[in-house]
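S.K.: Spelled out from the first residue to the last, the chains are:
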Amino acid sequence: MTETLAVGALLALLVATAIAIARLRNLFAVVALTGAYSFLMAAVLTALDAADVAMTEAAVGAGISTVLFLGALHLTGALEAKPAQRPLIPLLVVIGAGILVVYGTYGLPGFNDPAAPIHTHVVPRYLQDGPRETGIPNMVTAVLASYRGYDTLGETTVVFTAGIAVIALLRRRRRPKDGEGKR
Amino acid sequence: MNRDIILRVVSKLLIPIALIFALYVQFHGELGPGGGFQAGVIIAAAMVLHALIFGLAAARALVPEWLVETMVALGVLVYAGVGVAGLLLGGNFLDYFVLARDPAYGQMRGIFWVEVGVAISVSGVMLKIFYVFAGRGRALDDKP
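Residue numbers (the numbering used here), protein chains in the order written: chain A, 1 to 183; chain B, 1 to 144.
Hints in this document: simulated from the structure, not taken from any laboratory.
Glycine included, every Cβ here is placed at the ideal spot set by N, Cα and C.
Accuracy of the hints is not assured; some may be wrong.
Ranges of calculated distance between the beta carbons of each label pair, as one might list FRET restraints [unchecked claim]:
id	chain 1	residue 1	chain 2	residue 2	range
1	B	A100	A	V122	21 to 27 Å
2	A	T2	B	L88	23 to 29 Å
3	A	A50	B	R136	47 to 53 Å
4	B	L14	A	A50	24 to 30 Å
5	B	L89	A	R148	20 to 26 Å
6	B	A100	A	P137	28 to 34 Å
7	B	V84	A	V123	29 to 35 Å
8	B	A100	A	I19	39 to 45 Å
9	A	Y103	B	F93	17 to 23 Å
10	A	L14	B	L31	27 to 33 Å
11	B	G32	A	R132	50 to 56 Å
12	B	G90	A	A20	56 to 62 Å
13	B	L14	A	G96	44 to 50 Å
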């Protein structure tokens, strides 16, 4: 009961933060609020017993990406330009898409439903045989690194590729010396 | 920012704790929450804090660019290397059972090294992205 209340309050705060982010024009405040958004999200995930994801959200979402956003603000301005016209059509599209998504959730199994397909397919096998087969008490680690080792290798390769792409795009080129015609 | 004594002292206290917590998350990931990705991100965040407070030049002196760029590739190599080790020992790619005589111990050994690879790559990529971003506008460089 308390947990439901806490999660509900946190989700309400998330909505309020998102609305404030959309309305504000001062980008410094927006960056600060996205950091707050990430911390709220981490709190929600902690309440849902997803400590691994909460840790990542707090460190990446609130920590590193806030710093990267601040670095980007240093390169641009700190004030968002006013839109040329009132964005009514995009607003309608977003509201319509949101209604569709909410409508879609009615087709999903209920939250915490033990009969949901995800809980009846492979999860029982992981829970029963995982500790014996891998000798590792933390089920998340066992699934991530052993049962789904190929997926995690793929994810690590994605991180690697993203890093290489950012290096290729943003690495500071040597400034051409005066007199050289290169741009 | 580097003249503010409160920030300097507090971050001097915080950075070692963050790094030790990262190691705890890394090597305790089999028992508690966490693992390679979380540990790598926490290491990178601690280094970013160091760069923010003491300047980008100091951070680059501590963790130089060549090391970060090597880490980006080394982590994936370690991970894939565990897979190849399984192949060489007569199993399948990423088969941990053959890594030790006792299959369960082989699992633990394989997972340990895989997580080490993830942590190396993730912290390398995060730090590298921060370095190239911060280096562009000379945003966080030490003032002369």
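S.K.: So, for every hint listed, does it hold in this structure?
M.R.: Going through the hints against the structure:
no.: 1; hint: B:A100 to A:V122: 21 to 27 Å; verdict: holds, 26 Å
no.: 2; hint: A:T2 to B:L88: 23 to 29 Å; verdict: violated, 53 Å
no.: 3; hint: A:A50 to B:R136: 47 to 53 Å; verdict: violated, 35 Å
no.: 4; hint: B:L14 to A:A50: 24 to 30 Å; verdict: holds, 25 Å
no.: 5; hint: B:L89 to A:R148: 20 to 26 Å; verdict: holds, 21 Å
no.: 6; hint: B:A100 to A:P137: 28 to 34 Å; verdict: violated, 18 Å
no.: 7; hint: B:V84 to A:V123: 29 to 35 Å; verdict: holds, 30 Å
no.: 8; hint: B:A100 to A:I19: 39 to 45 Å; verdict: violated, 54 Å
no.: 9; hint: A:Y103 to B:F93: 17 to 23 Å; verdict: violated, 43 Å
no.: 10; hint: A:L14 to B:L31: 27 to 33 Å; verdict: holds, 31 Å
no.: 11; hint: B:G32 to A:R132: 50 to 56 Å; verdict: violated, 20 Å
no.: 12; hint: B:G90 to A:A20: 56 to 62 Å; verdict: holds, 59 Å
no.: 13; hint: B:L14 to A:G96: 44 to 50 Å; verdict: holds, 46 Å
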